[in-house]
Structures are given as structure tokens and as C-alpha cells.
Amino acid sequence: MIICSIQLIFFCIKRQLNRFNIEIVHESIETKPGNSLKSRLEESVGVIVSHCYQCGKCTAGCPLNEDMDIKPNQVLRMLQAELPGYEDKLLSSLSIWLCLACDTCYSRCPQEVKLSQVMDFLRQESVRQNKVNPKAKDILSFHKAFLETIEKNGKLNEVWLTLNYKLKTLNMIQDVQKAPSMFFKGKLNPIPSRIQHVKEMEKIFQRISENEGGDK
Amino acid sequence: MKVGFYPGCSLEGSSKEYSKSLFAVSEKCGITLEEIKDWSCCGASAAHSLNHDLSIALPARTLALAEKQGLSEIVIPCAACYGRLAASQQAILNDKAILEKTEKYIDMAFTGNVQLLTVFEFLQKYIFPVADQYIVDKLNQKTACYYGCLLARPKDLTKLERPENPMEMEKVMEKAGATPIDWAFKTECCGAGFSMSRTDLVAKLSGRILEDAAERGADSIIVACPMCHSNLDLRRPEIKKQLKKDINIPVLFITQALGLSMGISAKELGLDKHFVPTGKAVSCIVKKEA
Numbered sequence: 228m229i230i231c232s233i234q235l236i237f238f239c240i241k242r243q244l245n246r247f248n249i250e251i252v253h254e255s256i257e258t259k260p261g262n263s264l265k266s267r268l269e270e271s272v273g274v275i276v277s278h279c280y281q282c283g284k285c286t287a288g289c290p291l292n293e294d295m296d297i298k299p300n301q302v303l304r305m306l307q308a309e310l311p312g313y314e315d316k317l318l319s320s321l322s323i324w325l326c327l328a329c330d331t332c333y334s335r336c337p338q339e340v341k342l343s344q345v346m347d348f349l350r351q352e353s354v355r356q357n358k359v360n361p362k363a364k365d366i367l368s369f370h371k372a373f374l375e376t377i378e379k380n381g382k383l384n385e386v387w388l389t390l391n392y393k394l395k396t397l398n399m400i401q402d403v404q405k406a407p408s409m410f411f412k413g414k415l416n417p418i419p420s421r422i423q424h425v426k427e428m429e430k431i432f433q434r435i436s437e438n439e440g441g442d443k
Numbered sequence: 021m022k023v024g025f026y027p028g029c030s031l032e033g034s035s036k037e038y039s040k041s042l043f044a045v046s047e048k049c050g051i052t053l054e055e056i057k058d059w060s061c062c063g064a065s066a067a068h069s070l071n072h073d074l075s076i077a078l079p080a081r082t083l084a085l086a087e088k089q090g091l092s093e094i095v096i097p098c099a100a101c102y103g104r105l106a107a108s109q110q111a112i113l114n115d116k117a118i119l120e121k122t123e124k125y126i127d128m129a130f131t132g133n134v135q136l137l138t139v140f141e142f143l144q145k146y147i148f149p150v151a152d153q154y155i156v157d158k159l160n161q162k163t164a165c166y167y168g169c170l171l172a173r174p175k176d177l178t179k180l181e182r183p184e185n186p187m188e189m190e191k192v193m194e195k196a197g198a199t200p201i202d203w204a205f206k207t208e209c210c211g212a213g214f215s216m217s218r219t220d221l222v223a224k225l226s227g228r229i230l231e232d233a234a235e236r237g238a239d240s241i242i243v244a245c246p247m248c249h250s251n252l253d254l255r256r257p258e259i260k261k262q263l264k265k266d267i268n269i270p271v272l273f274i275t276q277a278l279g280l281s282m283g284i285s286a287k288e289l290g291l292d293k294h295f296v297p298t299g300k301a302v303s304c305i306v307k308k309e310a
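Protein sequence lines correspond, in order, to chains V and Z.
Be aware that the first sequence starts at 228, since it is given in our numbering, and climbs by one per residue.
Be aware that the second sequence starts at 21, since it is given in our numbering, and climbs by one per residue.
Since the hints were derived computationally from the structure, they do not count as laboratory data.
Among the hints, a few may not be true.
As the list claims (entries may be wrong) - Which chain Z residues face chain V? A few, computed with CB under 8 Å, are given here: (1) G33; (2) S92; (3) I118; (4) T131; (5) A212; (6) S217.
Said to hold, decoys possible - Ranges of calculated distance between the beta carbons of each label pair, as one might list FRET restraints: (7) Z:E120 / V:S408: 24 to 34 Å; (8) Z:N185 / V:M399: 36 to 46 Å; (9) Z:M128 / V:L390: 49 to 59 Å.
We treat Cβ as the ideally placed atom computed from N, Cα and C, and that holds for glycine.
One chain only, chain V, in its complex shape (with noise of 0.2 Å):
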């Protein structure tokens, strides 16, 4: 009886701590400050990190993982442990510009983590703290002669988009060789083709901007 009734008080307080415990780690998730990389993210993109169980399927199938310099799985275990120096690290790595969202990961994740998504999330993050890998500089440019062309066209040309993204990268040499017979073939226009309403792009593009300075 008495054996009986220590072991019902230990269990008691045993429970007692064990709710004790969750109750701090709960606390002090929620005393952490809202705008952490990792909440924010979750907002945004609708992922919850904590879903993953690091089986590592997403940096298995990863077409560039060996070129990463942070793995797939790696990303969403520092965004869900969140040591200290995480956000920075993660927004100044190579990786998240090196992923081709291609998908794999998210297709064949257990937990469907959209991991394509939180690429993305990351990339913006990067650009607007200003954080962006050196090794990532032409992937950038890239990015930024196309948006420029399709603001401006409404509509991709090849030459134009070649030509911005030497101007920005100073790679001239690159693929001037492949130019002629591109040509020849029928398969690059050197006037722009524009859309008829290009002032509706340049709008969009304006509206956009615009909200997100209301954003911040």
C-alpha cells in the first residue's frame, strides 16, 4: 500500500514536471519574437518545418546536391532548430540559389514538405537583406535581365535578355559563336517582339512594388 501510494506520488510529480517542461518549451516558442526567418517563412509559404523528420529523401534526389554547399535536408534542420547566426547563414549560402526547383524533393517528401517553395521564400529573403553568395551573382543577373526584359516587352526575346545579362555580367564572350547560326535557323528575333498592351506589364509590375513597400 504504502510502495503503492510513493509510486502514485512520483508519478504525479513526474507528470507534474513532464507538463512543467512542455510548458516552457511552448513558452518560450512563444515568447520568441514573431519575425524570426523561420516564422515568417511558415507564414508566407504555409510549410510547418517542424513536419520534417530528416529522412534526407529531398538531398538524396536532389539533382545538385553535391554542388550545395548546405544540403536540402540541411535547410529545413536549421530552420528548425534556429541556433543562433541561422538566418544569415542560410540566406547568404549558395544553395538556395543553386536549387532548379525541379520538385523532386517535394514529390517524393513523406510529409509533402514544399521545400521548392521555401527556396523561393529564401532567394527573396536574400535579396532584400541584401545577403546574396557572391557565387550566386550571375543566377541573379540572370533573374533580374529577364524580369527587366518581360517588364519592358511584356514578352521574352532572346537577344535582348542575351544582351542584358552581358551588360550586367560583363561576360561577353560567352555563346557569341552560337549567335549566326541561331539566326540562320529562324531562331532568334533581333526585334523585339512586344505585346500590344505593354503598358498593362509595366503596371503590374508597379502595383506589385508598390504593395510591397506598403508591406514593410
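Please arrange chain Z on chain V, whose structure you already have, making use of the hints.
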């Protein structure tokens, strides 16, 4: 019969032959393709990499124009454009706040009632029912059907039964009298939009694809994505350098291969526009036995 059509930028530039062959096959089967008036770029990977709202708004403009034009269905032959348009439509229809925001950005109403067709869905729905009467030749070759990423994934957008081992393209090729091979790289990434910014990575990834197709004895590689095509065709010199090997397997668009089986001439299908000569694939063709 009329079906809406979104060409996308590549089909007007570096992949003109995809458009040309799609029109040639459709015309043969009595299908008219109606282009969306004043369509604009889908934003491709640049938009979703740099600006989330833009990546939804750009495709939404084109979709809203298609609605205005009264098109109930549009075929989007470019796999990348299809992925962006379908993702935008899904995001808007799933979230009222996104719908309201996007309508303000594009200054047009958006109902999302346009049905989007991949090239497979289009072929299955409109070409397959009548194709047999027009197929006069047999491709008579081993083809490696290459899907790449965006025709296979994500599966909720591409609507494929088996995203890891899809068979939709194989069905088309069997109809055209080819023998599709079993191979390991049909849904691996070719390097996509890194064609200019990281050509080295494109050569590496596309090299693996090409090497596997060659080792398994493919006479041709069949694609349905302008980016896959340009990485495997236009980037062949870089791939050869990477592999230190000369692999000369031609890369054909699915509509070019199907068109060949319908007796449409190589020129009409734009086979002269490729960088890797396509003669090897054309020379295999024989008359279909009655």
C-alpha cells in the same frame, strides 16, 4: 474543332519548331488552335525566384485574357509555362485573399474557369481519337521518352498517374510506331534555366541524361519542353566536352515525332532547325503495314 492556345515566349523564338509541328499535327487532324490575344510571359523561374506575387500575377493576366476571349480550354505545350500557369491558377482558386490581391494587380476579373491542358492531355483528347486514320508511317526506332521535371512534377498540377515513372509519352510513341526504351533518367532535371548562368551545371546534368539514353541504345530522344530541348540540343557541344564523348542522338519534340508518322515532311515539322542533325531519326522511318 477549336482549342485555345498559349504559345509562351520560347515557342516564338528558340523552339519555333515545337509550335510549327504542333500546328501541323493539329491541322492534319482538323483541330484549329486559337491563340490567346495579347498573351504575355508566364514569368518562368525568374519570377518565382525573385517575387512571389509577380509569379502569380503574370500568368493570371494571360488566364484572365483567355477568359475574356471566351476560351474554355487552352493547350500549353511548353512544360515550364504550363507549370507556372497551373500553379498560379491553383494558388488563386485556393485562397480568396490571393484572388483579390491578384485582381487588383492585373486590373481584370479572374474566375479561373479556363481548363489548362498539357501537351499529353491535348494529344489524348483531340488527336488520339482520330490519329489512326492519319498515321501512315512507322517511326521504327528506339526512343528514349524524356519528361524532365515540369511534365512530371508536382503531380497535383501535372495530373500524371505515376510521376516517378510516367508512361504518357510512351503511349504516343507506340502509336507512332516507335519502341520506347526503359531507362533511368526520364524524369531527371536537365538544368533548366541555368542554360546561360551556369552552363557547366547544365552540361553535367544533361550529360548524364544523354549518356544513359546512349548506353541503352536510343536512336532518338523525345521531349515536350523547350528548355529540355535547348539544353540537350543547343548545348550539345558543352555536353560533349563534359562527357569527353561524341554522342549524336537527335532530340525531337513529341509533336515532330508524331508528325513524321503522319507523313508530314521534315521541313514542315521544323526538323531543319535543330543543332544536332535529325537525319538519323528520319532515316529509320518505314511505311506502316496495312
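Quiz item: Looking at the structure, which of the earlier hints fail to hold?
Solution: 2, 3, 4, 7 and 9
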